[in-house]
Amino acid sequence: MPKPKVLLIGWDAADWDVITPLMESGQMPALKKLVEHGMSGKLATLEPVFSPMLWSSIATGKLADKHGVLGFTEPDYSTGSVRPVSTHSRKTAAIWNILSHQKLKTNVVGWWPSHPAEPLNGVMVSNFYQKAGRPHGETWPMAPGTVFPKKSSDIFKNLRVHPGDLTDEHILPFVPLASQVNQEEDKRLNSVGKILAEAASIHNAGTWLIENTEWDFMAIYYDNIDHFCHGFMKYHPPYIKGLDEK
Amino acid sequence: MSLEKNFGWKPTKSEGEAKFVVKEFNNEVFLVNERGEVVEVSAKGSLAFLALGSVGHQAWQKAQSISKNNA
Numbered sequence: 005m006p007k008p009k010v011l012l013i014g015w016d017a018a019d020w021d022v023i024t025p026l027m028e029s030g031q032m033p034a035l036k037k038l039v040e041h042g043m044s045g046k047l048a049t050l051e052p053v054f055s056p057m058l059w060s061s062i063a064t065g066k067l068a069d070k071h072g073v074l075g076f077t078e079p080d081y082s083t084g085s086v087r088p089v090s091t092h093s094r095k096t097a098a099i100w101n102i103l104s105h106q107k108l109k110t111n112v113v114g115w116w117p118s119h120p121a122e123p124l125n126g127v128m129v130s131n132f133y134q135k136a137g138r139p140h141g142e143t144w145p146m147a148p149g150t151v152f153p154k155k156s157s158d159i160f161k162n163l164r165v166h167p168g169d170l171t172d173e174h175i176l177p178f179v180p181l182a183s184q185v186n187q188e189e190d191k192r193l194n195s196v197g198k199i200l201a202e203a204a205s206i207h208n209a210g211t212w213l214i215e216n217t218e219w220d221f222m223a224i225y226y227d228n229i230d231h232f233c234h235g236f237m238k239y240h241p242p243y244i245k246g247l248d249e250k
Numbered sequence: 003m004s005l006e007k008n009f010g011w012k013p014t015k016s017e018g019e020a021k022f023v024v025k026e027f028n029n030e031v032f033l034v035n036e037r038g039e040v041v042e043v044s045a046k047g048s049l050a051f052l053a054l055g056s057v058g059h060q061a062w063q064k065a066q067s068i069s070k071n072n073a
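For the record, the sequence lines run as chains R and Z. Per the numbering used here: the first sequence = residues 5 to 250. Per the numbering used here: the second sequence = residues 3 to 73.
Chain Z on its own, in the form it takes in the complex:
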């Protein structure tokens, strides 16, 4: 998938900081950061998303909501 096309993502030269944002694509939820790292978010959640804090929680809730609607 094209990050630029689908998420409006643009790479930066940021080295010290990479802030994840929540993106939804084709009924799936992803966390994306400025480095182009993409993480798929499962409705089951994970410790990594808990460790990310509010953005991880938001992504997990969105994945749960989509999974529930699709069930």
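Next comes chain R alone, as it looks inside the complex:
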């Protein structure tokens, strides 16, 4: 009998009000199967709705005053400025630390925040992994600390997708009239490409680990729904008065 495993998939900003009609119309058959053969329900969120804070609560089972991740940034007392929250901001153990300590094989991909990657009994790919810091065609190094163990870095480096890699086959299903967009003036197509490429990089790293490593617990975090919503939810019906109808 195969060993039981736990796969924790985080979809930031996923909403049953959007998902349910898609499942009912047959557009999300895999999720529908999971719902029909398992349990589902609505999660209440915490306030304020700062993603790094919320996802740290999911990872630790604790509120922000205990886990220490209070928002997107934190004061950097050494420079007198602010810096993005990091793995070091978390004051308590995450579920992957506890399971690793129990000698269970544990993989984590893209959790927010998870940079620099923590030593685990498994593999951690940090939330800096998917960010394309250089123009397409240039060498695109990963930030130090992106992958634990470091020796696995080359595998993951080659699984990333740069927004410039994408073709019309990837963009047109989302924006059928993309060819009519003046990209000098309107940068929203760039946003679509960036969000999609980042999601693909995370998905590639996660699926590679699922298929090529032994694991008992695995956590993967996707931020693409949240980012699409920030950029484009205002165009979702019902029509908001004042928006350009085109």
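Worth flagging that the hints you see were computed from the coordinates, not collected in a lab. Beta carbons are placed, not taken as given, at the ideal position from N, Cα and C, and that holds for glycine. Careful, some of the hints might be misleading.
Computed from the model, here is a short list of chain R residues facing chain Z with C-beta under 7 Å [claimed, not checked]:
1) Leu163
2) Thr171
3) Glu173
4) His174
5) Pro177
6) Ala204
7) His207
8) Trp212
Go by the hints and put chain Z onto chain R.
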């Protein structure tokens, strides 16, 4: 084309799971699974290959590499 001859593929009775692998034949790239489903991979890629994750990415990269070499 014969899957058995060209890809060493053997059908199984697996119902719940079908794992794709990347195969190259006559300068073309295919994804093949245990059910005998064959998908041709274009160098332009597709959302379906992105959705497949690392195996789809590997197939897409291979198709791009072949297309570049043939150009």
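Okay, the hints, checked on the actual structure:
1. This hint holds: Leu163(R) has a C-beta 6 Å from the nearest C-beta of chain Z, less than the 7 Å allowed.
2. Evaluation of the Thr171(R) hint against chain Z yields a held restraint, the C-beta minimum of about 5 Å falling below 7 Å.
3. Satisfaction of the interface hint for Glu173(R) is found here, the shortest Cβ-Cβ separation to chain Z being roughly 5 Å, below the 7 Å cut-off.
4. The restraint placing His174(R) at the interface with chain Z holds, with a minimum CB-CB distance near 6 Å, inside the 7 Å limit.
5. Proximity of Pro177(R) to chain Z holds as hinted, the smallest CB-CB distance being about 6 Å (cut-off 7 Å).
6. Because the closest C-beta pair between Ala204(R) and chain Z is about 5 Å apart, less than 7 Å, the hint holds.
7. Against a cut-off of 7 Å between C-beta atoms, the interface hint on His207(R) holds, since the closest Cβ of chain Z lies about 5 Å away.
8. The interface hint given for Trp212(R) is met, as the beta carbon of that residue sits about 4 Å from the closest beta carbon of chain Z, less than 7 Å.
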